[in-house]
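> In order, the protein sequences belong to chains H, G and E.
For the first sequence, position 130 matches number 130 in the UniProt record's numbering, and the numbering has no gaps at all.
For the second sequence, position 198 matches number 198 in the UniProt record's numbering, and the numbering has no gaps at all.
For the third sequence, position 233 matches number 233 in the UniProt record's numbering, and the numbering has no gaps at all.
Misleading hints may appear alongside valid ones.
Same chains, same names: a pair is fine if it fits in one copy or spans any two.
Said to hold, decoys possible - The calculated lysine to aspartate or glutamate pairs, modelled on EDC-like cross-linking and capped at a C-alpha distance of 20 Å, are: (1) K11 <-> D442; (2) K282 <-> D442; (3) K11 <-> E373; (4) K52 <-> E132; (5) K52 <-> D64; (6) K378 <-> E51; (7) K55 <-> E379; (8) K383 <-> E446; (9) K378 <-> E49; (10) K217 <-> E446; (11) K123 <-> E54; (12) K383 <-> E373; (13) K55 <-> E449; (14) K11 <-> E446.
Because the hints were derived from the structure by calculation, they are not lab data.
Since we're looking at a predicted model, the values are computed, not measured.
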Amino acid sequence: MERPRHQGMAKNTYMRWRLPLVCLLWEVAMIILFGVFVRFGPEADAHWEEEKREKNLTSDIENDFYFRYPSFQDVHVMIFVGFGFLMTFLKRYGFGAVGFNFLLAAFGIQWALLMQGWFHSFKSGKILIGVENLINADFCVGSVCIAFGAILGKTSPIQVLVMTLFQVTLFAVNEYILLNLLHVKDAGGSMTIHTFGAYFGLTVTRILYRPNLEQSKDRQGSVYHSDLFAMIGTLYLWMYWPSFNSAISEHGDAQHRAAINTYCSLAACVLTTVAFSSMLQKKGKLDMVHIQNATLAGGVAVGTSAEMMLTPYGSLIVGFICGIVSTVGYVYLTPFLESRLHIQDTCGIHNLHAIPGLIGGIVGAITAAAATEDVYGKEGLIKAFDFTGTYQTRTPSVQGGFQAAGIVVSLLMAFAGGALVGAILKLPVWGDPAAENCFEDDIYWEVPEDEESDVYHMHNPDKPASP
Amino acid sequence: MERPRHQGMAKNTYMRWRLPLVCLLWEVAMIILFGVFVRFGPEADAHWEEEKREKNLTSDIENDFYFRYPSFQDVHVMIFVGFGFLMTFLKRYGFGAVGFNFLLAAFGIQWALLMQGWFHSFKSGKILIGVENLINADFCVGSVCIAFGAILGKTSPIQVLVMTLFQVTLFAVNEYILLNLLHVKDAGGSMTIHTFGAYFGLTVTRILYRPNLEQSKDRQGSVYHSDLFAMIGTLYLWMYWPSFNSAISEHGDAQHRAAINTYCSLAACVLTTVAFSSMLQKKGKLDMVHIQNATLAGGVAVGTSAEMMLTPYGSLIVGFICGIVSTVGYVYLTPFLESRLHIQDTCGIHNLHAIPGLIGGIVGAITAAAATEDVYGKEGLIKAFDFTGTYQTRTPSVQGGFQAAGIVVSLLMAFAGGALVGAILKLPVWGDPAAENCFEDDIYWEVPEDEESDVYHMHNPDKPASP
Amino acid sequence: MERPRHQGMAKNTYMRWRLPLVCLLWEVAMIILFGVFVRFGPEADAHWEEEKREKNLTSDIENDFYFRYPSFQDVHVMIFVGFGFLMTFLKRYGFGAVGFNFLLAAFGIQWALLMQGWFHSFKSGKILIGVENLINADFCVGSVCIAFGAILGKTSPIQVLVMTLFQVTLFAVNEYILLNLLHVKDAGGSMTIHTFGAYFGLTVTRILYRPNLEQSKDRQGSVYHSDLFAMIGTLYLWMYWPSFNSAISEHGDAQHRAAINTYCSLAACVLTTVAFSSMLQKKGKLDMVHIQNATLAGGVAVGTSAEMMLTPYGSLIVGFICGIVSTVGYVYLTPFLESRLHIQDTCGIHNLHAIPGLIGGIVGAITAAAATEDVYGKEGLIKAFDFTGTYQTRTPSVQGGFQAAGIVVSLLMAFAGGALVGAILKLPVWGDPAAENCFEDDIYWEVPEDEESDVYHMHNPDKPASP
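One chain only, chain H, in its complex shape (with noise of 0.2 Å):
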């Protein structure tokens, strides 16, 4: 059944009433549920004057938005500008790169706004949103963006967009798993982001696995300037990170620990992509995948544990692992991964979030177990672990082993997760491209017919030369 799907130009990829439909219809869907369910967070209301004076606050500047708003905006540019440009690096694909991670984005954010709201800030029949709960709706995204890499080429907008729908629900449910029941710490999400979305988007890939991908061979690589857009995706990640991982801990140290955590962790990881990508060529010259994507592993990787006391030091050694882990996978593990396990991961999300994302909650578990009053003083162990309430009784190893849970469940979730997203998408009525058209953004934009792109195609050698 799955080799009909795949010959050639049957594929009906006509987008023009499915995709505005999908728009227009989960719009007017978010627009009915905003209008019921969305408010404004106290401090973001108009009665925030009376507020401030019952919480006995003094300044406006104790208003959440002074604390979080810098690092929002990093995030947000990570999503939108990071992951869009960093997928930028094939040669035919920019325009579905940036694209579409915009659309998925835009529309997740929304659809997370919901979700998270009904687990986490829902009030007396209303959900209460402030700047924190934007920071939250662009992480979930993020793992959207993540799973995105690994379909990147071979799926439609609306596949994008219903993996988006499904995604940002399950994610919302792990998330209230860990974070709540579990009572995990999980700041920077290497677990909720990275592990699931990743795991997530690999067995999303696996499902909708094209035998004859080879088709389209010649278009999954880059061209020299894709690979330098590339780039700016690349750095405003590996930039932004450590207001990724502290984004939204606790005001204050922890706050402050978490940047300093992931910009050591990060640092290190350069140093060891950039031996790695040297070492494991023949000719000993660096390879721009493994500079583009190898290097942020080490955010991934210190994504639960950057506000824990993990020291500088101890951040070093995670970048440092994480650098070697990430590049090797993309010499080695992608390939095989493709041809043996028929995993095609376009982007390598298995080397840059999955690997890391493991890592980083099994890093988070430990340095969660080894925490001591000693270390973080009598306060600062129960404020970084929120061991209050019904968790006042929780010890850090027993802290540790929950955390230890979360990656667990968090797998189960993708997997599950994944498959069910997996055969949704494979129906054949959401117009994926042919193998042979995959990576071309020919198929769903409408791309420049000039002289650059007649160097691309050379196709009419007779044009009049232009000036």
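Guided by the hints, dock chains G and E onto chain H, whose structure is given.
Frame of chain H; chains G and E shown alone:
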């Protein structure tokens, strides 16, 4: 009289003495005027320690710098990278787009500091500036960047500077009428920046109408990579727009609320833009022009109301509508304006700024008129609309009327000012390019003579077809 | 003895074992040294709650994180995207520009945290780090990025790393002499970063002089799109420079003032750069090299004085002069330095950093010497120049003298250090490229084999397929 001006090689685009003269003289004028008038405001002055004591501030964090500087930097990026790169979509006008935008903005912010300073920050003979003045200067220049979008590729750098000089002046007058005389709210500038800037630019380009512009038709499109460069501009405008609309709002809840409303409106706008971009094209393919521009209309259209209690739900509705209106405008209105009204609007600012700006003004008037003590709280209502002093008896519905008057004033100022400036720019002394040389960097820039440029010129048409 | 080194294919640029070895060994060294020395400062440590009580801080917002983190991120972007992309202007060295800059900066910040930590943050055997240390590390690395601009395209990645190791060390020593021994103010680093970094780099490139570099002449220019990539770097440097110069200034008015002064200086600089770029070219056309570089000179030149009461008017004057000096430098001085003094300065750092850095040092000395209690207030003057403790009797004019001494020390350190490091880099073991392979990514990078790259080679259709 018009035809000869547009007939071929005769035009003198030699800039060597004219451009340096304008730049140097005007900069000297700036230095003299700054020397006479501009001083540091109390929060940037070395006497701040005393100021703090007087105002009973306990911490340096109360300095306005910490409330506004992150937003300022985001706005700064929007003006220089956002607008600059958005306009690089033309295949052979990237240098002019980003370079002339740089030039006009660098001059404009200085002149705006003076003009706005005289109107708003003038105390005992001096203009006292702080971070809020820098934001306002960037805002003012934003309206010039918008107008520049209409005349892009068809004007000399001197014309751009002359337009900047006049437009900044008129902007400041219009802003003074709206904010001080009408006591209108317009934090994100739907009226002062977008409506005024766009109709000003459209009037200018109407007066500079070029009947033979089709001679440059082949350069009026994009190439593959220029569309990606433009997406950098789009995304930075889109991501940072919440900072734009909240940058000069009141400290606390108003800033917080403005950011949330804008975030929501922009998200909705992306989905309807995608829907209509696909729907309005026969093959159902997406058009980069729409994605690059219409996705931003939602930010424009909440420019007045974002700091009010528009609610996330209301913001989604505004974004929903504007994505549609703007995309439809690109498909139907722009060609109509050019063929029937002789308005040649290079970047389609009518669809991105003019119409959404008007909608924004109207939404602001309605939202203001609909404000109640129930929704805002007693104190909140007074604070939100500054119903104090002379205005303490003004009611929301009266405020709505004044808001509507603000739209009319902005339109009148734009038409009158644009007509005046258009007439000035029509004088045959500014070195604008001939019709067949429009949208061509080579006229005003040293363009690299190299292999890639050979590519543009197609020297080896017999090269074997690639992909 | 020099000639044979530069004769053709004989050179061994094989990196496979050398580069990985350096990266891995050095990173291991970092881990060990961090393990022994580096700990969280009190504001990033989990004991912060106790610290807060001790210091009587009422709110988490008093954590230095909130004063400096937004500026830190802006500086971070300048180092990685700003410098990285500014150097992508070369047609075939974009990977090396952005990639090696990434590598050197990632290593450099770690080593700088240690070196600067030993000098400035060493308490009871440990280096205690916080966000200010991260900024300072970025600053230190900024001086290496500057020096890298001089040798761009002519060195191997190992040479770049070796230079980083030494330059960071010497930077820290020089900074210690200036800030601690001479008690000099230099918040934006006109002396410590720009003067030192630039003359260091120029000395290195002088010693590495390549007589046959004209063999790579055809790759020493830009292509159309590489110039646009470079503009990304330019604009981020330009926009965020106010953050750079204010990032480590005193909380409150000093940070505020430094941002305003820098904003003004940069704005003025753009106009004189444009003026002279047009004036100095026969056809009056603008040169992208000037727009990309000289527009930034104004930021360099207020690096020392921005936090002082330079006043907006004074800043405009400094920017005015530096735009002229820098542009004139590109036109006349760079060719002269190359032909007469054998200084091959790829990016023209002499015009962007060296001369404006010197001007910045001088302007700082004059501004300091001219400081009065009238202008600063009694408290303000003491705070601005830290006339406390040992220095409480120092007068402004004496301070001016010490500032001037700081310039001289920086120059001496740069020449001596550059000579030493140049000599080390001249050893024939580092794998630098042959003269005819300079400015070519293909030597150290896997370059995509694709249509576009064919395009680049179009001039020599008989060129052998590259690896």
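> Look at each hint and say if it fits the structure.
Results for each hint:
1. Only within a single protomer do K11 and D442 lie at most 20 Å apart by alpha-carbon distance; the minimum there is 14 Å, versus 40 Å between protomers.
2. Taking identical chains as interchangeable, the C-alpha atoms of K282 and D442 lie at most 20 Å apart only when they sit on different chains, with a minimum of 14 Å there against 36 Å within one chain.
3. Taking the shortest alpha-carbon separations for K11 and E373, neither the intra-copy value of 63 Å nor the inter-copy value of 58 Å comes in at or below 20 Å.
4. With identical chains, the CA atoms of K52 and E132 are at most 20 Å apart within one copy only, with a shortest distance of 18 Å there and 24 Å across copies.
5. When the C-alpha separation of K52 and D64 is checked against a cutoff of 20 Å, the pair qualifies both within a copy, at 12 Å, and between copies, at 19 Å.
6. With identical chains, the CA atoms of K378 and E51 are at most 20 Å apart between copies only, with a shortest distance of 13 Å across copies and 31 Å within one.
7. In this homomeric assembly, K55 and E379 come within 20 Å of each other (Cα to Cα) only across copies, at 17 Å, whereas the closest approach inside a single copy is 22 Å.
8. For the identical chains of this complex, K383 and E446 are neighbours neither inside a copy (54 Å) nor across copies (49 Å), given an alpha-carbon limit of 20 Å.
9. Taking identical chains as interchangeable, the C-alpha atoms of K378 and E49 lie at most 20 Å apart only when they sit on different chains, with a minimum of 10 Å there against 35 Å within one chain.
10. Only between protomers do K217 and E446 lie at most 20 Å apart by alpha-carbon distance; the minimum there is 18 Å, versus 22 Å within a single protomer.
11. With identical chains, the CA atoms of K123 and E54 are at most 20 Å apart within one copy only, with a shortest distance of 18 Å there and 37 Å across copies.
12. Taking CA atoms no more than 20 Å apart as the test, K383 paired with E373 passes inside one copy only; the shortest distance there is 11 Å, against 39 Å between copies.
13. Proximity of K55 to E449 under the C-alpha cut-off of 20 Å is found in neither arrangement, the shortest distances being 61 Å within a copy and 63 Å between copies.
14. In this assembly of identical chains, the alpha carbons of K11 and E446 lie at most 20 Å apart only when taken from the same copy (18 Å versus 36 Å across copies).
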